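Q: Residue-level listing of the chains:
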Amino acid sequence: GAVVSQHPSWVICKSGTSVKIECRSLDFQATTMFWYRQFPKQSLMLMATSNEGSKATYEQGVEKDKFLINHASLTLSTLTVTSAHPEDSSFYICSARDAPGGPYNEQFFGPGTRLTVL
Amino acid sequence: QKEVEQNSGPLSVPEGAIASLNCTYSDRGSQSFFWYRQYSGKSPELIMFIYSNGDKEDGRFTAQLNKASQYVSLLIRDSQPSDSATYLCAVNPGYALNFGKGTSLLVTP
Chain B
1 GAVVSQHPSW VICKSGTSVK IECRSLDFQA TTMFWYRQFP KQSLMLMATS NEGSKATYEQ
61 GVEKDKFLIN HASLTLSTLT VTSAHPEDSS FYICSARDAP GGPYNEQFFG PGTRLTVL
Chain E
1 QKEVEQNSGP LSVPEGAIAS LNCTYSDRGS QSFFWYRQYS GKSPELIMFI YSNGDKEDGR
61 FTAQLNKASQ YVSLLIRDSQ PSDSATYLCA VNPGYALNFG KGTSLLVTP
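Chains as they are written, first to last, in our numbering: chain B, 1 to 118; chain E, 1 to 109.
What the hints contain is simulated information worked out from the structure, not anything from laboratory work. A few of these clues could be false.
Listed below are the simulated SDA-like cross-link pairs for lysine to any residue, each with C-alpha atoms no more than 20 Å apart in a straight line [claimed, not checked]:
(1) B:LYS41 to B:SER5
(2) E:LYS42 to B:PHE39
(3) B:LYS41 to E:LEU106
(4) E:LYS42 to B:THR82
(5) E:LYS42 to B:SER43
(6) E:LYS42 to B:LYS14
(7) E:LYS67 to E:LYS42
(8) E:LYS67 to E:GLN31
(9) B:LYS41 to E:LYS42
(10) B:LYS14 to B:GLU87
(11) B:LYS64 to B:SER5
(12) B:LYS64 to B:LYS41
(13) B:LYS41 to E:GLY41
(14) E:LYS42 to B:THR116
(15) E:LYS42 to B:LYS66
(16) E:LYS42 to E:LYS101
(17) B:LYS55 to B:LEU76
(18) B:LYS64 to B:ALA2
(19) E:LYS42 to B:MET45
(20) E:LYS42 to B:LYS64
(21) B:LYS55 to B:THR80
(22) B:LYS66 to B:CYS13
(23) E:LYS42 to B:SER83
(24) E:LYS42 to B:ARG24
(25) B:LYS20 to B:VAL117
(26) B:LYS55 to E:TYR95
(27) E:LYS42 to B:THR17
(28) B:LYS41 to E:LYS56
(29) B:LYS20 to B:LYS41
(30) B:LYS41 to E:ASN53
(31) E:LYS56 to E:LYS42
(32) E:LYS56 to E:LEU106
(33) E:LYS101 to B:PRO40
(34) E:LYS42 to B:THR31
(35) B:LYS41 to E:LYS67
(36) B:LYS41 to E:SER84
(37) E:LYS42 to E:SER82
(38) B:LYS55 to B:LYS66
Bear in mind the structure is a predicted one, so any value in this text is a computation, not a measurement.
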């Protein structure tokens, strides 16, 4: 299957700082990338959907000014957690799809980024 | 809110037995269904997907879908200790995936 990478794999930061997480599709062009967040013993919750060259679509309850998403190329999307607080500590996972639209296209998941805010 | 429900478990089965994992969903418009396996601290990996009613087999895994009952299941035959993980059911009603909370499976030697 297609490969998606994330960087960094883990990050520890102080409260109030911003953290950027990168998601890259290594061997395919990702028309759509998704950002998920997973708290311990909880399911993956979709935060936003990102299409190359356009603004991200955020799920209800996700603050777009706090979680900045940029999808400037077909192989790279970034998630910036601005003014991070301890409650933002979570496992952030991106996924990418190599075909536009439709419910039958597989999503390929990155390895995730563990964010800890002190 | 479109719901995907799974029993959180843990489901404990002895090595070599069949593990049966179940999932129900609320959105009748859902068109594709996925089972992911997630080890602790790792991201999900796709095991199987199914689109049509009935059974789909892939090695030791069989996915079963019943759209009328809004029910999808995963059977794991000849369970191995390495199958111990959390299994996530995901449903796609048209664009993005909705995940259940997952069922924790423990295969005991």
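Q: Hint by hint, say whether it matches the structure.
A: Cross-check of the supplied hints:
Under the criterion of a C-alpha separation no larger than 20 Å, the hint pairing LYS41 of chain B with SER5 of chain B is inconsistent with the structure, at around 23 Å. Of the pairs offered as hints, the one joining LYS42 of chain E and PHE39 of chain B holds, with about 13 Å between alpha carbons and a cut-off of 20 Å not exceeded. Distance restraint check for LYS41 of chain B and LEU106 of chain E: the Cα-Cα separation of roughly 15 Å lies within the 20 Å cut-off, and the hinted pair is therefore satisfied. A hinted pair counts as satisfied when its Cα atoms are at most 20 Å apart, and LYS42 of chain E with THR82 of chain B does not qualify at roughly 24 Å.
About 13 Å separates the Cα atoms of LYS42 of chain E and SER43 of chain B, which keeps this hinted pair within 20 Å; it holds. Note on LYS42 of chain E and LYS14 of chain B: the hinted pairing is violated, with a Cα-Cα distance of about 24 Å set against a maximum of 20 Å. For a cut-off of 20 Å, the pair hint linking LYS67 of chain E to LYS42 of chain E is broken: about 30 Å separates their Cα positions. Proximity of LYS67 of chain E to GLN31 of chain E is assessed by CA-CA distance (about 9 Å); at most 20 Å being required, the pair is judged to hold.
A distance of roughly 13 Å separates the Cα atoms of LYS41 of chain B and LYS42 of chain E; the hinted pair therefore holds under the 20 Å criterion. With a CA separation close to 12 Å, the supplied pair LYS14 of chain B and GLU87 of chain B stays within the 20 Å bound. Between LYS64 of chain B and SER5 of chain B the CA atoms are separated by roughly 23 Å; this puts the pair beyond 20 Å, and the hint is violated. Between LYS64 of chain B and LYS41 of chain B the CA atoms are separated by roughly 25 Å; this puts the pair beyond 20 Å, and the hint is violated.
Between LYS41 of chain B and GLY41 of chain E the CA atoms are separated by roughly 11 Å; this keeps the pair inside 20 Å, and the hint holds. Only pairs whose Cα atoms come within 20 Å are accepted, and LYS42 of chain E paired with THR116 of chain B is accepted, the gap being roughly 16 Å. Restraint check for LYS42 of chain E and LYS66 of chain B: the C-alpha separation of about 25 Å exceeds 20 Å, so the hint is violated. The straight-line distance between the Cα atoms of LYS42 of chain E and LYS101 of chain E is roughly 15 Å, inside the 20 Å bound, and the hint therefore holds.
With a CA separation close to 14 Å, the supplied pair LYS55 of chain B and LEU76 of chain B stays within the 20 Å bound. The straight-line distance between the Cα atoms of LYS64 of chain B and ALA2 of chain B is roughly 28 Å, outside the 20 Å bound, and the hint therefore fails. About 15 Å separates the Cα atoms of LYS42 of chain E and MET45 of chain B, which keeps this hinted pair within 20 Å; it holds. Note on LYS42 of chain E and LYS64 of chain B: the hinted pairing is violated, with a Cα-Cα distance of about 26 Å set against a maximum of 20 Å.
Note on LYS55 of chain B and THR80 of chain B: the hinted pairing holds, with a Cα-Cα distance of about 14 Å set against a maximum of 20 Å. In summary, the hint linking LYS66 of chain B to CYS13 of chain B is supported, as the alpha carbons are separated by about 16 Å, within the 20 Å threshold. For the proposed pair LYS42 of chain E and SER83 of chain B, the alpha carbon gap of about 26 Å is over 20 Å, so the pair is violated. Between the alpha carbons of LYS42 of chain E and ARG24 of chain B the distance comes to roughly 17 Å, so the proposed pair stays at or under 20 Å and holds.
A hinted pair counts as satisfied when its Cα atoms are at most 20 Å apart, and LYS20 of chain B with VAL117 of chain B qualifies at roughly 13 Å. Proposed proximity of LYS55 of chain B and TYR95 of chain E is supported: the alpha carbons are some 17 Å apart, at most 20 Å. Pair hint LYS42 of chain E plus THR17 of chain B does not hold up; C-alpha atoms about 25 Å apart against a cutoff of 20 Å. About 29 Å separates the Cα atoms of LYS41 of chain B and LYS56 of chain E, which puts this hinted pair outside 20 Å; it is violated.
Pair hint LYS20 of chain B plus LYS41 of chain B does not hold up; C-alpha atoms about 24 Å apart against a cutoff of 20 Å. A threshold of 20 Å between alpha carbons decides the hint, and for LYS41 of chain B with ASN53 of chain E the separation of about 30 Å lies outside it, so the pair is violated. In summary, the hint linking LYS56 of chain E to LYS42 of chain E is not supported, as the alpha carbons are separated by about 26 Å, beyond the 20 Å threshold. Proposed proximity of LYS56 of chain E and LEU106 of chain E is contradicted: the alpha carbons are some 23 Å apart, above 20 Å.
Our distance criterion of 20 Å between C-alpha atoms is met by LYS101 of chain E and PRO40 of chain B, whose separation comes to about 11 Å. Of the pairs offered as hints, the one joining LYS42 of chain E and THR31 of chain B is violated, with about 24 Å between alpha carbons and a cut-off of 20 Å exceeded. Proximity of LYS41 of chain B to LYS67 of chain E is assessed by CA-CA distance (about 28 Å); at most 20 Å being required, the pair is judged violated. For the hint linking LYS41 of chain B to SER84 of chain E, the alpha-carbon distance of about 15 Å falls within 20 Å, and the restraint holds.
Annotation: proposed proximity of LYS42 of chain E to SER82 of chain E holds, straight-line Cα distance about 14 Å (limit 20 Å). Taken as a hint, the LYS55 of chain B and LYS66 of chain B pair is honoured in the structure, with Cα atoms around 15 Å apart against an allowance of 20 Å.
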